[in-house]
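A.B. asks: If you're matching them up, the sequences are chains L and C in order.
FYI, this note's numbering numbers position 22 of the first sequence as 859, with every residue one higher than the one before it.
FYI, this note's numbering numbers position 31 of the second sequence as 375, with every residue one higher than the one before it.
Since the hints were derived computationally from the structure, they do not count as laboratory data.
Computed from a prediction, not measured in an experiment: that's the story for all the values here.
We put the beta carbon where it would ideally sit given N, CA and C, even for glycine.
Mixed in with the good hints, there may be bad ones.
What the hints assert, rightly or not - Among chain L residues calculated to face chain C with C-beta under 8 Å, some are:
1. 892
2. 894
3. 897
4. 912
5. 913
6. 914
7. 929
8. 932
9. 933
10. 958
11. 978
12. 981
13. 988
14. 1038
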Amino acid sequence: MSEVISLNLQVWKQPSADEPGSFEFYSVKDISIHISFLEMLDVVNENLQKEGKEPIAFDSDCREGICGTCGFVIDGVAHGPLAKTTVCQLHMRHFEDGQTLVIEPFRATPFKVVKDLVVDRSSFDTIIQAGGYVTVSTGNAPDANNILIAKDNAEDAFDAAACIGCGACVASCPNASAALFTSAKISHLSHLPQGKIEDDARVKGMVEAMDDEGFGACSNHAECEAVCPKGISISNIALMRRNLIKTIL
Amino acid sequence: MTVTAPEKEFVESLSKLDGRLPSGDLEDKWDKYKSSMKIVNPANKRKFNIIVVGTGLAGGSAAATLAELGYNVKSFCIQDTPRRAHSIAAQGGINAAKNYQNDGDSIHRLFIDTIKGGDYRAREENVHRLAEISTNIIDQCVAQGVPFARDYGGLLTNRSFGGSQVSRTFYARGQTGQQLLLGAYSAMMRQVAKQQIELFPNREMLDVVTVDDRARGIVVRNLKTGELETHSGDAVVLCTGGFGNVYFLSTNGKASNATAAWRCYKKGAFMANPCFAQIHPTCIPTSGEYQSKLTLMSESLRNDGRVWVPKDANDKRPPAEIPESDRDNFLERMYPAYGNLVPRDVGSRAIKKMCDEGKGLDPSGRAVYLDFSSAIERLGKKNISDKYGNLFDMYETITGDSPYKEPMKIYPAIHYIMGGLWVDYDLMSTIPGLFVLGEANFSDHGANRLGASALMQGLADGYFVIPNTLGNYLANTKLDSVSISSEEFKEARNDCKERTEDFLKIKGSSTVLEIHRELGGVMWDLVGMARTKESLEEALDKIPKIKDKFWNDLYISGESDTLNKSLEQAGRLADFLELGELMAMDALNREESCGAHFREEYQTEEGEPLRNDDKYAYVSAWEYNENNIPILHKEDLDYKFVKMTQRNYK
Ligand SMILES: Cc1cc2nc3c(=O)[nH]c(=O)nc-3n(C[C@H](O)[C@H](O)[C@H](O)COP(=O)(O)OP(=O)(O)OC[C@H]3O[C@@H](n4cnc5c(N)ncnc54)[C@H](O)[C@@H]3O)c2cc1C
Ligand code: FES
Chain L
838 MSEVISLNLQ VWKQPSADEP GSFEFYSVKD ISIHISFLEM LDVVNENLQK
888 EGKEPIAFDS DCREGICGTC GFVIDGVAHG PLAKTTVCQL HMRHFEDGQT
938 LVIEPFRATP FKVVKDLVVD RSSFDTIIQA GGYVTVSTGN APDANNILIA
988 KDNAEDAFDA AACIGCGACV ASCPNASAAL FTSAKISHLS HLPQGKIEDD
1038 ARVKGMVEAM DDEGFGACSN HAECEAVCPK GISISNIALM RRNLIKTIL
Chain C
345 MTVTAPEKEF VESLSKLDGR LPSGDLEDKW DKYKSSMKIV NPANKRKFNI
395 IVVGTGLAGG SAAATLAELG YNVKSFCIQD TPRRAHSIAA QGGINAAKNY
445 QNDGDSIHRL FIDTIKGGDY RAREENVHRL AEISTNIIDQ CVAQGVPFAR
495 DYGGLLTNRS FGGSQVSRTF YARGQTGQQL LLGAYSAMMR QVAKQQIELF
545 PNREMLDVVT VDDRARGIVV RNLKTGELET HSGDAVVLCT GGFGNVYFLS
595 TNGKASNATA AWRCYKKGAF MANPCFAQIH PTCIPTSGEY QSKLTLMSES
645 LRNDGRVWVP KDANDKRPPA EIPESDRDNF LERMYPAYGN LVPRDVGSRA
695 IKKMCDEGKG LDPSGRAVYL DFSSAIERLG KKNISDKYGN LFDMYETITG
745 DSPYKEPMKI YPAIHYIMGG LWVDYDLMST IPGLFVLGEA NFSDHGANRL
795 GASALMQGLA DGYFVIPNTL GNYLANTKLD SVSISSEEFK EARNDCKERT
845 EDFLKIKGSS TVLEIHRELG GVMWDLVGMA RTKESLEEAL DKIPKIKDKF
895 WNDLYISGES DTLNKSLEQA GRLADFLELG ELMAMDALNR EESCGAHFRE
945 EYQTEEGEPL RNDDKYAYVS AWEYNENNIP ILHKEDLDYK FVKMTQRNYK
């Protein structure tokens, strides 16, 4: 396999939330297959700057798949073709020479475009504010080993807690539902004795906040699970529903 | 003041810097001091407005705790939400002297390990306090729901980290930083819901505002709109993380920067030990020109991974075909007592030594193996994947090779900065009212930080130290009200505006990335893992030239009144260029080797760092001077409880 490839990119450009956007066409040559997708965009942006043009705005920070800052849609799939991978960890060896790629921002009503591929995901913070925590102030905690937690529960809690809040689940859902994101936090805390105490208030508060923020309802498409870079399971959504029903009964 | 060696171009202050350390027995100092502090009564707390910059472990824990106490907190960060601070990327774990493993750990042992790990260049008082608080941190985090690893009996389990012979590191798979940060973040969100914290994400602090010589506010740029905003308060708590990105490639996030700290330096906060930069031994090696960052492979891997190179530099067989007898497990050979778990500075230098001897792996000659085959054989693949699964996956994602099948290739990279803004025991800088927490300060790690101790320090500072010391400051200080329409705020805002526009006006032909890469090359080659008088002087000659290039030939497209990443990066690079020079100057001044600061001229016969305690047992704290000739202040490290010895990990 050749060590370099060329690509044609169709990228969504939009100056701000209030202005219309459109696709622009870029072609790039001699991209090393060992660099990441974002590093490829860095190259495009360097070239654009050299030509005196404005670069493509996209966001990133850790570039190791953990902070959840990066994210956009490549050929219709949030975070691109490789399962369980954020775009910052997606390497060019997964693409072919001469391929044309369509790159657009995560689209959902509650996620307004800030610029080009950057969207506003602050509604996620609002959902967490509605109960995504344990009520314990600093200094109040008992000795850590006084709270025994079965290994399996700790592992299940961890699996849910691994969510990076990137928003791919919302972008891939036909209803723009935030059920996977919301349920992951509910499930994380519900698997632990110190979190379970507040199950009822938490599920009510967070589901209500999710609705208020304009996210759609979940109708079991499971597209969210398929694109989630951390492999968060839709079984969390089932748990969220069970916890919600318990509050009504 | 006297001028020392004029070619070094700095001035030395004659008066000693005072860390304001409490007196008494080491074990009781913190408790006694706490009980002697003045307290702000609950009803009065809500009259105070506190600015917290940064939302990593330090800033997140500080903001949440101060808000719980009743202060009004304004919280700022660069990312679009507090949850994305770079603490999120910490992998391996957090230390605490719980002695849950009954292996002889204690507060005293953690204290000694940390002091020794730092090569006797940290304050005894700070480190002891850190060790004391460590146990409370674990309690707090578990209560918040942090899913630490557990045994089948439901109890917490531990792993070992470098520089210690006990098992005291708590972890949540390879994502400990993420889970701890989400704990602090959710505590913050609880306070946002109660309207005790007001969030300002997408803001970059560009300056601190002083009124009557006290820190009373900040200037920030709204990164989405480009607007410059000013905010006032009764104190500023700076938690802006490390500045490893001065080396361009590091394990830090893209947004990690020195700007907030550097702007404070230019307003009178001293910068301490800036040359103490930690190089982490196990990172994925650089692969090409367009590489934008380096990825850490957690130190925890050295619990089970063995570091080796072929004994014969010409042995080009694939690793699996090289029998044990032809492998040089050089860490085990050189340091039998600690083996693969030597501290980071020691490990990094040993790897560099092997590569310098020509034993590094192809293609670059700048890599060695980190091998899990014997651990997989001994413990089974499942066990190894339970412990390190996500790290193995990350390695495979980046390199395309599976560590289950062949050894990782690793090389050292810039990872952490022990130096930072100088603070006293209260974590207050030389600007009254400006407190500095977490990696941004210099306080606890001396010349080398032990693994799993940064998370501990960030949370100790934020959850347990600042709530006490800030209260004491506020209760003892008469603060007049300030307004953002005052001259001080207007002037600071104008300065930032001019500076931002200056970048756009240069209209040269070099991009920020190009200039940053150039600076990084100089820093890594000349102010990196091994330094000499000549290399540092060369750096001091080269950096100003790169700075000239920046100010004369930079090109940024776009405008200042919109999201403009290049403009953000230009501002950060301008400060890195000045900081890089100070780092080289600090390294040149310190004519000894200690911890991560390795001056080739000063080494033992075995190639270990050779300290000079008679001359350099001090913290160097640099003061900015308008004429750009910094003033060196010294804080003597007066060890009363521990004897300074030559570190020995053999
Ligand atoms: C890859 C990696 C792995 C690590 N693993 C471990 C480990 O296993 N154990 C351990 O103990 N340590 C580890 N460390 C070190 C540790 O993670 C950091 O030292 C620590 O998390 C720093 O926390 P902090 O709160 O000081 O800063 P950060 O978490 O870096 O937070 C900085 C905050 O300041 C904000 N900020 C910065 N500049 C500005 C500005 N100008 N204006 C406004 N806001 C600003 C940022 O937005 C962010 O919110 C690791 C570090 C890295 C890079
Ligand atoms: S940049 Fe952090 S997850 Fe991609």
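A.B. asks: All hints, please: hold or fail.
C.D. replies: Comparing the hints with the structure gives:
no.	hint	verdict
1	892	holds (7 Å)
2	894	holds (6 Å)
3	897	holds (6 Å)
4	912	violated (19 Å)
5	913	violated (22 Å)
6	914	violated (17 Å)
7	929	violated (10 Å)
8	932	violated (13 Å)
9	933	violated (16 Å)
10	958	holds (6 Å)
11	978	holds (4 Å)
12	981	holds (4 Å)
13	988	holds (5 Å)
14	1038	violated (12 Å)
Violated hints for the displayed structure, listed by number in ascending order: 4, 5, 6, 7, 8, 9 and 14.
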